[in-house]
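Peer 1: Residue numbers (our numbering), protein chains in the order written: chain A, 14 to 486; chain B, 43 to 272.
Sample of chain B residues facing chain A (criterion: CB under 10 Å; computed from the structure):
no.	residue
1	60
2	63
3	100
4	121
5	124
6	139
7	144
8	159
9	164
10	166
11	181
12	201
13	204
14	260
The calculated label-pair distances, taken between Cβ atoms and stated as ranges, are:
no.	chain 1	residue 1	chain 2	residue 2	range
15	A	59	B	212	45 to 55 Å
16	A	23	B	246	39 to 49 Å
17	A	341	B	241	47 to 57 Å
Computed list of lysine-lysine pairs in DSS-like fashion (alpha-carbon distance at most 30 Å, straight line):
no.	chain 1	residue 1	chain 2	residue 2
18	A	342	A	476
19	A	202	B	92
20	B	257	A	416
Simulated from the structure, these hints should not be mistaken for lab results. Cβ atoms here follow ideal geometry from the backbone N, Cα and C, with glycine treated the same way.
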Amino acid sequence: MADDLNSTYEYPFPMPSEEEVAYSDGAIKGRTPGSPSAYDKGGSTRWTPDAIAEVQALAQLGRYQVRGYNCFNQRMPTFDDLTFVPATMTRLPLEGYRESCDMTTVLGAGTGLVERPLELKIPIYIASMSFGALSASAKAAIGYGASKAGTMTCTGEGGMLEDEREASQKLVYQLTPARYGVDLEHIRKADGLELVVGQGAKPGTGGLLLGMKVVERVSKMRSLPAGVDQRSTVRHPDFLGADDMAVKIEELRIATNYKVPILVKMGATRPRFDVAIAAKAGADIVVLDGAEGGTGASPELLLNHTGIPCLSAIRPARQALEDCGMSDKVSLVVSGGIRTGVDVAKCLALGADAVMIGTAAMIALGCNSPRYEKDYHALGTSPGACHHCHTGMCPVGIATQNKELEKRVNIAAGAERVYRFLTAIAMEVTMLAKACGKSSVHNLEVEDLRALSFEASAFTGVKMAGLDRAFTW
Amino acid sequence: MSEKVIQVGHRDIRIINQEFLEALEAGHSVVVTDTLSRHNLGVGLPRSGKIHFDGSVGYYCGGLNTGTDVRVENNAGWGTGEAMSGGIITVNGYSGMSTGAAMLGGLIHVKGDCGPRCGVAMKAGDIVVEGNLGYQAGFMAHRGRIIALGSAGPSCGDALWEAEVWVAGDIESLGVDAKIVEPEAEEVEGVDALLKQLGLEERFRDWRKIVSEQKLWYFESRDANSWLMI
Ligand code: SF4
Chain A
14 MADDLNSTYE
24 YPFPMPSEEE
34 VAYSDGAIKG
44 RTPGSPSAYD
54 KGGSTRWTPD
64 AIAEVQALAQ
74 LGRYQVRGYN
84 CFNQRMPTFD
94 DLTFVPATMT
104 RLPLEGYRES
114 CDMTTVLGAG
124 TGLVERPLEL
134 KIPIYIASMS
144 FGALSASAKA
154 AIGYGASKAG
164 TMTCTGEGGM
174 LEDEREASQK
184 LVYQLTPARY
194 GVDLEHIRKA
204 DGLELVVGQG
214 AKPGTGGLLL
224 GMKVVERVSK
234 MRSLPAGVDQ
244 RSTVRHPDFL
254 GADDMAVKIE
264 ELRIATNYKV
274 PILVKMGATR
284 PRFDVAIAAK
294 AGADIVVLDG
304 AEGGTGASPE
314 LLLNHTGIPC
324 LSAIRPARQA
334 LEDCGMSDKV
344 SLVVSGGIRT
354 GVDVAKCLAL
364 GADAVMIGTA
374 AMIALGCNSP
384 RYEKDYHALG
394 TSPGACHHCH
404 TGMCPVGIAT
414 QNKELEKRVN
424 IAAGAERVYR
434 FLTAIAMEVT
444 MLAKACGKSS
454 VHNLEVEDLR
464 ALSFEASAFT
474 GVKMAGLDRA
484 FTW
Chain B
43 MSEKVIQVGH
53 RDIRIINQEF
63 LEALEAGHSV
73 VVTDTLSRHN
83 LGVGLPRSGK
93 IHFDGSVGYY
103 CGGLNTGTDV
113 RVENNAGWGT
123 GEAMSGGIIT
133 VNGYSGMSTG
143 AAMLGGLIHV
153 KGDCGPRCGV
163 AMKAGDIVVE
173 GNLGYQAGFM
183 AHRGRIIALG
193 SAGPSCGDAL
203 WEAEVWVAGD
213 IESLGVDAKI
223 VEPEAEEVEG
233 VDALLKQLGL
243 EERFRDWRKI
253 VSEQKLWYFE
263 SRDANSWLMI
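Given these sequences and hints, build the entire structure.
Peer 2: See below:
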C-alpha cells in the first residue's frame, strides 16, 4: 500500500478486539478519582487536552484524522493584527454616506490577450467549492446570490453543473489535476478557466472527497465508482513545470479562441517565487489561497500545519509581480479566512485586486446556523463549532449529498442571504476606503494600515502602530 | 472532400488553429506541412473531418478533440489528445508523456512507443500502443482501456480506478494497488476486434490485464463512523 504500513507482523497473543483498542472499558470516560489538584484542567504546555485527544485518536485509528472546514492552528495570525489609519490631518476623508466610491473590479484585462476580461461590480467573488463537497442546491443558491451582487463563482473540481451554470452569470471553470469531466463543451461555456496547482487548505496534495459523498450523480460527473474515496491526483496529468504550463495556457487560450482569462490558483507557500513563475507562464490572473482557506475534507495535519497565512502572502505576491514588471498586467486575487468587509479591505490595501470568499459565503447561506441542533449533536458538535463537512451529514444541507438534508437549503432564501452578505461586506469596504479618503476601493494602500503586533508588521511590512516604521530584522 | 494545405512554419499558432477550424468546417480535409514540432497544433477540433500533420508535432496535438480524425506522420510530444472526447488520433511514430491524459472518449493509436503516464487520469476511450509503454501507464485512470502490444515499464497501472491496462509483452513492475488478472474470453474478443479495426495482424497474444486491486479505493472511509471522532 502507498500509505499504510501494511504490517505482516503477528503478535504472540491474540489480536485485540476493536472495542479493546478503543478503551471501551471506560478508562477514558472520566478522570480517575484522586485528591484535588492545582492542575485540575491540566497544565502541560505540550500535552494539552487537545494534544492528548489527538494521540489517543491516532492510536485507535492507525491513520491520520480527516475533517472539513479550515485551519484550527491557534498560532495563525489574523487580519485583526492590522488596523486602518483613516484620513485625519494629512489626508481628506470622503463623506461616508454621501460620496461614491468605485468598486468595479476588472480581472484579466492587463495582458491584453483576452476578449472578455472578468468585470465584477465588487472586488469579491465566491471561491471554488465543488459539487460533491457542496450540494447542488447550495451551489445554485450561492450562484444566484453572487449573480444578484454582480459577481461570480467558481465550479471547483467536480465539473460544471447545469444548474450552477444557469445560476451564475459569471462562472470560472476549474481544471484541477484530476480534470473531472473537462471537455471542450464545458471549457467554452466558462467565463474563465482556472488551472489549479494547489489550494491553501492542503497545498501539495490533491482533492479529497470521502466515499460517503461520492453518490451516483457525483460519481457520474467524476467518472468514479460510487462510494469510493476520491483522492485526486496532485500533479497535473499533462504538464509538470512552469515551461510546460506556459504551453498548457496557450492550449487553453486556443481552445477558447482567446475569449476568457486564464487563472492559476495556488496555495500560499512561497508566494514571492510561485506568483512570479505563474505570471511568467502566462496567467492573466493569479489566485493565491492562504493557509486559512477552507475545504470539504482534508487530513487534519495539513489544515493546521501547512502553508502560510493569507496575511503574510499578499505583499510578497504583489512584490513578485512588480519584480517581473507584471504588476499592471497580471491580476492578483487572494483568499483564505476572509470573513468580513474589513478583511477584504485589508487584502486590497496589502495589494490584492480582488478577494475570494468561501467559508464566509457558506456561513451566510446557513453553515453553522442554530437550526437542526439535534443533528449537530448527533455529529458530536454544535452550531458555531461544526467542522463536519467531510462526513456528508451536514445538518443544514450545504456540505452533503444526502437528498433529505439537501432539502434544508432554501435556494431562494439562501441566494438572498448570500446576496445581502456580499452587499454588506462590499459596503464595509467602501466605508473604510472613504474614511481613508479613497474614491475607489482599489486605491487602498499599505500606508492606510498599521500593524498591532511586531509579528504582523514583520509579515506584511506594514508600519507598526505608533512607531510609524515597519519592523525589520 | 477537397484537400486544403496549411503551412505551419513560424506563423502565429492562434491563426494556424483558426485556419484549421475554418477549413474543417468548410468540409475540406486538411494537410498540415512544415510542422516543426510546434506545440498546440490542432487544439479543440470539431466533431468531424480529417487532418494530417505531415511531420512531427509538439505538446497537446489533438487536445480537446471532439471528433476529428487526426493523423501525425512522425512523432508527437506530451499530452497528445489530452481531454479529447471523440475522434481518432493516429501517431505513426512515438508519442511523448501523458498521451491521452484525462481523455473522455475516442481512440488514440500510437504505432511506436508511448512515454510515461500514458492514459493518466483518462475517463473513457481507448489507447492502442503498438510499441512499449513508459512508466506509470494508466496512472489514476478512471475508465477506458490502454492496450499495448509491446511491454510495459515500471509501475504499470499505478493507482487505477476502473480503467484497464492490457499488455501483450513483459511488465517491468506493477504500480501501487494494481494486480494482473486473466481477461475473460469475450473481453479478449473485444480487444482483438479493435485491433482488427486498426488493421493490426490477427494472432494469439498472451494478454495480461491490469486492473485495480481496490485497496486504495476505500482507504479513508474504511470505517465511516470513525470520522465523527474528530
Ligand atoms: S454546518 Fe455543514 S457546511 Fe457548515 S461546517 Fe457543518 S457540515 Fe460543514
